[in-house]
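*Asks:* All chains, please: the whole structure from these sequences, using the hints.
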Amino acid sequence: MSNNEQQATTTPAQKPLSFIAPIKQPVAQHYKELKQILTHVDGKALDQIGTVHFGRFMFLERDTTSTDEVYTKFALFTAYDGDFKEYVQDFVDVVSEVFDALLEHLVDGESLIPVKKNAQAFADFVDAHNEKVEVWYSAYPTLSVVQILTNAKN
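Sequence positions in the sequence shown follow our numbering and run -3 to 150.
Wrong hints could be hidden among the right ones.
Stated by the list, open to error - Here are the simulated DSSO-like cross-link-like pairs (lysine-lysine), alpha carbons at most 27 Å apart as the crow flies: (1) K40 - K28; (2) K81 - K113; (3) K31 - K113; (4) K69 - K113; (5) K69 - K31; (6) K20 - K81; (7) K128 - K69; (8) K112 - K28; (9) K81 - K128; (10) K113 - K20; (11) K112 - K40; (12) K40 - K69.
Calculated from the structure, these hints are not laboratory results.
The structure presented is a predicted model; accordingly, all values stated were derived computationally and were not measured.
*Replies:* This is the structure we're talking about:
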């Protein structure tokens, strides 16, 4: 059973994605380039997907050998509705250029570029780096993004 399949049973409406991947060598250079890419990420594109509750990009594991602020791992954490493969395909369809840019700086990521032509391999890569969530809590475990947005309008 994959990490994603284990997580899928956590809650009926929402599922966690905890993608963590190592940054390529030389880490300092690729870390700086990843930070620059993230300054251009527009969250409005995620509204088009319609199943993302929240998402955040982060850097983990500070490189203690560097005198500069440098991290060795790149992370994307989201909560989403629906099927994992459909969710990843939505990212491919809507924001593939962002992932093409990011993957260039992750270990084993370049072979997936362009993700539009490598959607299954990209989904496998995301699943392989999707860390198991030990405890999952939601204040609204049975509500989808669509239901929450509808309720907010009323």
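*Asks:* Within a Cα-Cα threshold of 27 Å, do K81 and K128 meet the stated pairing?
*Replies:* 17 Å, holds
*Asks:* Holds or violated: K113 with K20, Cα cutoff 27 Å?
*Replies:* 22 Å, holds
*Asks:* Has the given pair, K20 with K81, been kept, meaning a C-alpha gap of at most 27 Å?
*Replies:* With a Cα-Cα distance of about 26 Å, the restraint between K20 and K81 holds, given a limit of 27 Å.
*Asks:* Going straight from one Cα to the other, do K112 and K40 come out at no more than 27 Å?
*Replies:* 20 Å, holds
*Asks:* Would the pair K69 and K113 pass a check requiring their Cα atoms to be no farther apart than 27 Å?
*Replies:* 25 Å, holds
*Asks:* When you check the alpha-carbon spacing of K40 and K69, does it fall within 27 Å?
*Replies:* 25 Å, holds
*Asks:* Would you check the hint for K40 and K28, treating anything up to 27 Å between C-alpha atoms as holding?
*Replies:* 24 Å, holds
*Asks:* Hinted pair, alpha-carbon criterion (27 Å max): K69, K31. Please report holds or violated.
*Replies:* Holds, at roughly 12 Å.
*Asks:* Going straight from one Cα to the other, do K31 and K113 come out at no more than 27 Å?
*Replies:* This hinted pair holds, its Cα atoms lying about 25 Å apart.
*Asks:* Next pair to validate is K81 with K113; report whether the Cα-Cα distance is within 27 Å.
*Replies:* Holds. K81 to K113 sits at ~15 Å (cutoff 27 Å).
*Asks:* Between K128 and K69, is the straight-line Cα distance small enough, at 27 Å or below?
*Replies:* 16 Å, holds
*Asks:* Given the hint that K112 pairs with K28, test it: the Cα-Cα distance must not exceed 27 Å.
*Replies:* It holds: about 25 Å lies between the C-alpha atoms, which stays within 27 Å.
Of the numbered hints stated above, none is contradicted by the structure.
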